[in-house]
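K.L.:
Top line first, the protein sequences correspond to chains A and B.
Using my numbering, read the first sequence as starting at 642 and increasing by one per residue.
Using my numbering, read the second sequence as starting at 101 and increasing by one per residue.
I should point out that these hints are in silico values taken from the structure, not numbers from a laboratory.
None of the values given here were measured: they were computed from a predicted structure.
Each residue gets a CB set at the ideal place from its N, CA and C atoms; glycine is no exception.
Wrong hints could be hidden among the right ones.
Mimicking SDA-like on lysine to any residue, the simulated pairs with C-alpha atoms at most 25 Å apart in a straight line are [said to hold, decoys possible]:
{"id": "1", "chain 1": "A", "residue 1": "Lys649", "chain 2": "B", "residue 2": "Pro513"}
{"id": "2", "chain 1": "A", "residue 1": "Lys763", "chain 2": "B", "residue 2": "Pro513"}
{"id": "3", "chain 1": "A", "residue 1": "Lys788", "chain 2": "A", "residue 2": "Lys649"}
{"id": "4", "chain 1": "A", "residue 1": "Lys736", "chain 2": "B", "residue 2": "Ser425"}
{"id": "5", "chain 1": "B", "residue 1": "Lys451", "chain 2": "B", "residue 2": "Ser425"}
{"id": "6", "chain 1": "A", "residue 1": "Lys758", "chain 2": "B", "residue 2": "Met718"}
{"id": "7", "chain 1": "B", "residue 1": "Lys314", "chain 2": "B", "residue 2": "Asp386"}
{"id": "8", "chain 1": "A", "residue 1": "Lys788", "chain 2": "A", "residue 2": "Ile683"}
Listed next, the stretches of chain A that the computed footprint assigns to chain B, with coverage defined by at least 3 CB atoms under 8 Å from CB atoms of chain B [stated by the list, open to error]:
{"id": "9", "stretch": "712–722"}
{"id": "10", "stretch": "737–750"}
Pairwise CB distance ranges (calculated) [said to hold, decoys possible]:
{"id": "11", "chain 1": "A", "residue 1": "Ile683", "chain 2": "B", "residue 2": "Met718", "range": "38 to 48 Å"}
{"id": "12", "chain 1": "A", "residue 1": "Ala659", "chain 2": "B", "residue 2": "Arg586", "range": "29 to 39 Å"}
{"id": "13", "chain 1": "A", "residue 1": "Gln706", "chain 2": "B", "residue 2": "Asp508", "range": "23 to 33 Å"}
{"id": "14", "chain 1": "A", "residue 1": "Glu784", "chain 2": "B", "residue 2": "Thr703", "range": "53 to 63 Å"}
{"id": "15", "chain 1": "A", "residue 1": "Lys736", "chain 2": "B", "residue 2": "Met719", "range": "35 to 45 Å"}
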Amino acid sequence: MKKKPNYKLIIGAIVIVAALGYLLISATRSNTQYFMTVDELISQKSELEGQKLRMSGAVVGESIQYDPATLDLSFVVAQIPGDHRLIAEMGGMAKVLAEAVANPNAARMTIHYTGVKPDLLKDEAQAIVTGSLDAEGVFQATELLMKCPSKYESILPDQVED
Amino acid sequence: MMFYLGLGGFALAGLLMLVCLVLTIWQLSHKQHEISTTVRFLTNLGFGLHTLSVLALLFMQVNQDYSNAYVVGVINPALPTYLRLTALWGGQAGSLFFWSWIINLCLVIALNRRHILRDNWGYLFALVNLIFFSGISMFLENPFSRVWQLTDRSLAESLFSPAAGATVYSGLIGRGLNPLLRHWGMIIHPPLLYIGFGAFLLPFAETLSHLVVKGDGDDLIAALRPWLLVAWIFLTAGIALGSWWSYDVLGWGGYWAWDPVETSSLIPWLVSTGLLHSMFLQQKKDIFKRINVILILSSYLLIIFSILMTRAGLISSVHAFGESSISIPLVVFLLVFLALSVALVVWRWQKMDSGWEFQSWFSRDSLFLYTLVILMAIALVCLWGLLYPLASRAFSGVEITLDRGFYDRAVTPLLVLLALLMAVCPLVGWSVASLKKLGERALIPLVVATLAAVAAWLWLSKSWVAVLSIFIVALGLAVLIATTVRDLRKVEKPLGTFWKMRSRYGAFLVHSGILLIMLGIVGVEGLSQSIQGTLVPGDKMPLGEFGVEFVELTENYESPEYLSVRAQIDLWRGDEIVARLTPGQDVYESRSQYVSIPGKRSTLAGDFYTIMLDYDAMMGYVSIQATINPLVNFMWIGSLFLCLGAAFSLSSPIVLEQAVRKEDEQSDAD
Numbered sequence: 642m643k644k645k646p647n648y649k650l651i652i653g654a655i656v657i658v659a660a661l662g663y664l665l666i667s668a669t670r671s672n673t674q675y676f677m678t679v680d681e682l683i684s685q686k687s688e689l690e691g692q693k694l695r696m697s698g699a700v701v702g703e704s705i706q707y708d709p710a711t712l713d714l715s716f717v718v719a720q721i722p723g724d725h726r727l728i729a730e731m732g733g734m735a736k737v738l739a740e741a742v743a744n745p746n747a748a749r750m751t752i753h754y755t756g757v758k759p760d761l762l763k764d765e766a767q768a769i770v771t772g773s774l775d776a777e778g779v780f781q782a783t784e785l786l787m788k789c790p791s792k793y794e795s796i797l798p799d800q801v802e803d
Numbered sequence: 101m102m103f104y105l106g107l108g109g110f111a112l113a114g115l116l117m118l119v120c121l122v123l124t125i126w127q128l129s130h131k132q133h134e135i136s137t138t139v140r141f142l143t144n145l146g147f148g149l150h151t152l153s154v155l156a157l158l159f160m161q162v163n164q165d166y167s168n169a170y171v172v173g174v175i176n177p178a179l180p181t182y183l184r185l186t187a188l189w190g191g192q193a194g195s196l197f198f199w200s201w202i203i204n205l206c207l208v209i210a211l212n213r214r215h216i217l218r219d220n221w222g223y224l225f226a227l228v229n230l231i232f233f234s235g236i237s238m239f240l241e242n243p244f245s246r247v248w249q250l251t252d253r254s255l256a257e258s259l260f261s262p263a264a265g266a267t268v269y270s271g272l273i274g275r276g277l278n279p280l281l282r283h284w285g286m287i288i289h290p291p292l293l294y295i296g297f298g299a300f301l302l303p304f305a306e307t308l309s310h311l312v313v314k315g316d317g318d319d320l321i322a323a324l325r326p327w328l329l330v331a332w333i334f335l336t337a338g339i340a341l342g343s344w345w346s347y348d349v350l351g352w353g354g355y356w357a358w359d360p361v362e363t364s365s366l367i368p369w370l371v372s373t374g375l376l377h378s379m380f381l382q383q384k385k386d387i388f389k390r391i392n393v394i395l396i397l398s399s400y401l402l403i404i405f406s407i408l409m410t411r412a413g414l415i416s417s418v419h420a421f422g423e424s425s426i427s428i429p430l431v432v433f434l435l436v437f438l439a440l441s442v443a444l445v446v447w448r449w450q451k452m453d454s455g456w457e458f459q460s461w462f463s464r465d466s467l468f469l470y471t472l473v474i475l476m477a478i479a480l481v482c483l484w485g486l487l488y489p490l491a492s493r494a495f496s497g498v499e500i501t502l503d504r505g506f507y508d509r510a511v512t513p514l515l516v517l518l519a520l521l522m523a524v525c526p527l528v529g530w531s532v533a534s535l536k537k538l539g540e541r542a543l544i545p546l547v548v549a550t551l552a553a554v555a556a557w558l559w560l561s562k563s564w565v566a567v568l569s570i571f572i573v574a575l576g577l578a579v580l581i582a583t584t585v586r587d588l589r590k591v592e593k594p595l596g597t598f599w600k601m602r603s604r605y606g607a608f609l610v611h612s613g614i615l616l617i618m619l620g621i622v623g624v625e626g627l628s629q630s631i632q633g634t635l636v637p638g639d640k641m642p643l644g645e646f647g648v649e650f651v652e653l654t655e656n657y658e659s660p661e662y663l664s665v666r667a668q669i670d671l672w673r674g675d676e677i678v679a680r681l682t683p684g685q686d687v688y689e690s691r692s693q694y695v696s697i698p699g700k701r702s703t704l705a706g707d708f709y710t711i712m713l714d715y716d717a718m719m720g721y722v723s724i725q726a727t728i729n730p731l732v733n734f735m736w737i738g739s740l741f742l743c744l745g746a747a748f749s750l751s752s753p754i755v756l757e758q759a760v761r762k763e764d765e766q767s768d769a770d
């Protein structure tokens, strides 16, 4: 038995697919951001200026400056790799973050943000920052997201402290 | 001792699962489809042992057995007992173990109630899932791992002695559960979500079994409906509580951030919500069989995907547990069941034909179909947003992520369409709509909605988006109320009818819940006002019709773990003080972390929400941010309506709506 094609359904389907396709593509175009490491940002500084970016780095605790009157917040992040597998090979996120902060040769970048200081912003936290690079090479953030690797996992110290 | 009880119980339970697996396969190879009493007994016994093992872990948590590595991770001496218990799902290993137990619980309930999992095939599919997740918990993230001290005094984590001369070490004192997780919203959010996730396994297994054994799509939904509704209620409650927690605890008043983990738990919710609609049509008219089968299967597969997103550290997210060894097994597992599902559906495709034809653009069938399409479109947008970064990394080497602007822009028009559909649906007759009738029925709700929109324009906001949204929400609510009143006025015993047709009015309640949630979103996104300032005692800061006066700073040292700093604030409205707000920070010196505690005054009209951004105890000043979030509490009330409405529907068999349907057709024919 062969049914004749149902034109209403076909037209409907085409309209839906076209509308959804348009919605997805237009929303995607205006809201993409590159996810980069500090190293990548510094090496491609000139091309990236003004573009919407997302980056991740280790927070250097002593660099945190915050003025609660104006909500001006600035801090420095140090280079950590972007690849999870690489991080696992290097001994886990907590270790990578601590090493990045301690290493004076790691690439660093200043972040500037206006807004409430996140509770979790502290030394050796992982900052995931959205924003763009300005002409001076400062990362102007519009959104901050903090992760502390110790949050869920127990980290055993190598030696017992007496 | 507890270590042996816990690990031993878990290992024996696992062994019994394997025995059941072998038995079931052997029976199936002999064409025996009924689940044997031996298998039933062994499954129950296994569950008992699994439970014993969970209790052993809980015992270690409560009694602070620091030889256990998991306990070291989540417990500390200052933690109150109830938090020591709930720390079971506060860390990766514990929560995976707990998840395996929840699956086992669902399996045992299904097996003992007998209206689902009637076939060895269904049992087999469910069991394979249980074995997989128990295996992951046992071999990759074992919660019973102990801390060992080696001969060179260094420490290691292992179940059994890692080297000769090593001794169990219990001198590590834990740092306790993360302060952010010590909130009752966060305490019950994970178990609710897990139960919701786990309850979808049985419909999934049963559907696969149905495809293998019968494959015509008949009679499938009737047995699964209670499970699907219960799963949906738990899923809804879990997501809503997560959202409430982030509003209440994270200190910035956000309720939804399109974080990948949030988004990934929303996808199964959207798909299963679509399923609730299409399965209703199968029960009433015996159509949409293929769609229902596909939706049941994808709900569970998307849950596995969500677990993968949360656990495997593929994406950057606040919730993610960090990189982990379980991602590859999970991906393989997901792909195997995806392939199996696709193969079975393709195989049975012709047999499941329900002969449905698209006839009218404006019948109730079509409106259900549109609802389904829009829900799936939102799910697709979410899935796109999650997969885009992974795909871009795979193809171009650079990770390109989509920010929340993407979701806001793509989802908003779809939500508006959904709200419109909810307003129109109850007005349309059961089969072919009568437009004249529609006009008559829509009149009063349209008037009400127009009045609401005018009122909103006058007193709330001049933003046309907000006014339009309020118009649509009011229209939807007015239609639901008007339809209920119209239904019940026609019958002799309105209350009796209301009770008899609770599947219909439960659905109405769910719809009004969705509309109220939308109202809350409009309030927070479109109408909120905010101000911040640095105040010394006696200073007053105006916001809207309110004034914020800083009285004094108080410090409380009662807790051994943290210093509790609070700004005492009087909230003025005109010339009178309406509330004392105490925003502040709990400062955990030992973790060099603090948690913001918002101070708020909640009314139906909205929240007055304050946070203390900073303080100086020496100088005596504080920085305060104050925000008015109008209508926000409708979000939580709406979420409650979702759960109550679904539960109300659940309590009723669905066939009873026939009565209204006939009357509806008669009045249409008049």
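K.L.:
Each hint needs a verdict: does it hold in this structure or not?
P.N.:
These are the hints, each one checked on the structure:
1. The hinted pair formed by Lys649 (chain A) and Pro513 (chain B) meets the criterion: a straight-line CA distance of about 24 Å does not exceed 25 Å.
2. Annotation: proposed proximity of Lys763 (chain A) to Pro513 (chain B) is violated, straight-line Cα distance about 39 Å (limit 25 Å).
3. Our distance criterion of 25 Å between C-alpha atoms is broken by Lys788 (chain A) and Lys649 (chain A), whose separation comes to about 51 Å.
4. This hinted pair checks out: Lys736 (chain A) and Ser425 (chain B) have alpha carbons roughly 17 Å apart, not beyond 25 Å.
5. Restraint check for Lys451 (chain B) and Ser425 (chain B): the C-alpha separation of about 41 Å exceeds 25 Å, so the hint is violated.
6. Restraint check for Lys758 (chain A) and Met718 (chain B): the C-alpha separation of about 21 Å stays at or below 25 Å, so the hint holds.
7. The straight-line distance between the Cα atoms of Lys314 (chain B) and Asp386 (chain B) is roughly 16 Å, inside the 25 Å bound, and the hint therefore holds.
8. A distance of roughly 23 Å separates the Cα atoms of Lys788 (chain A) and Ile683 (chain A); the hinted pair therefore holds under the 25 Å criterion.
9. Given a C-beta distance limit of less than 8 Å, the hint that chain B covers the stretch 712–722 of chain A is violated, as 1 residues qualify and 3 are needed.
10. Remark: the stretch 737–750 of chain A is not confirmed as covered by chain B, as 0 of its residues place a Cβ nearer than 8 Å to a Cβ of that chain, below the required three.
11. Judged by the Cβ atoms, the range 38 to 48 Å given for Ile683 (chain A) and Met718 (chain B) holds: they are separated by roughly 40 Å.
12. A hinted range of 29 to 39 Å for the beta carbons of Ala659 (chain A) and Arg586 (chain B) is consistent with their spacing of about 38 Å.
13. The hint said 23 to 33 Å for the Cβ distance between Gln706 (chain A) and Asp508 (chain B), and at roughly 32 Å that hint holds.
14. Hint check: Glu784 (chain A) to Thr703 (chain B), Cβ distance near 30 Å, so the stated range 53 to 63 Å is violated.
15. Distance hint for Lys736 (chain A) and Met719 (chain B): a CB-CB separation of about 39 Å, consistent with the stated range 35 to 45 Å.
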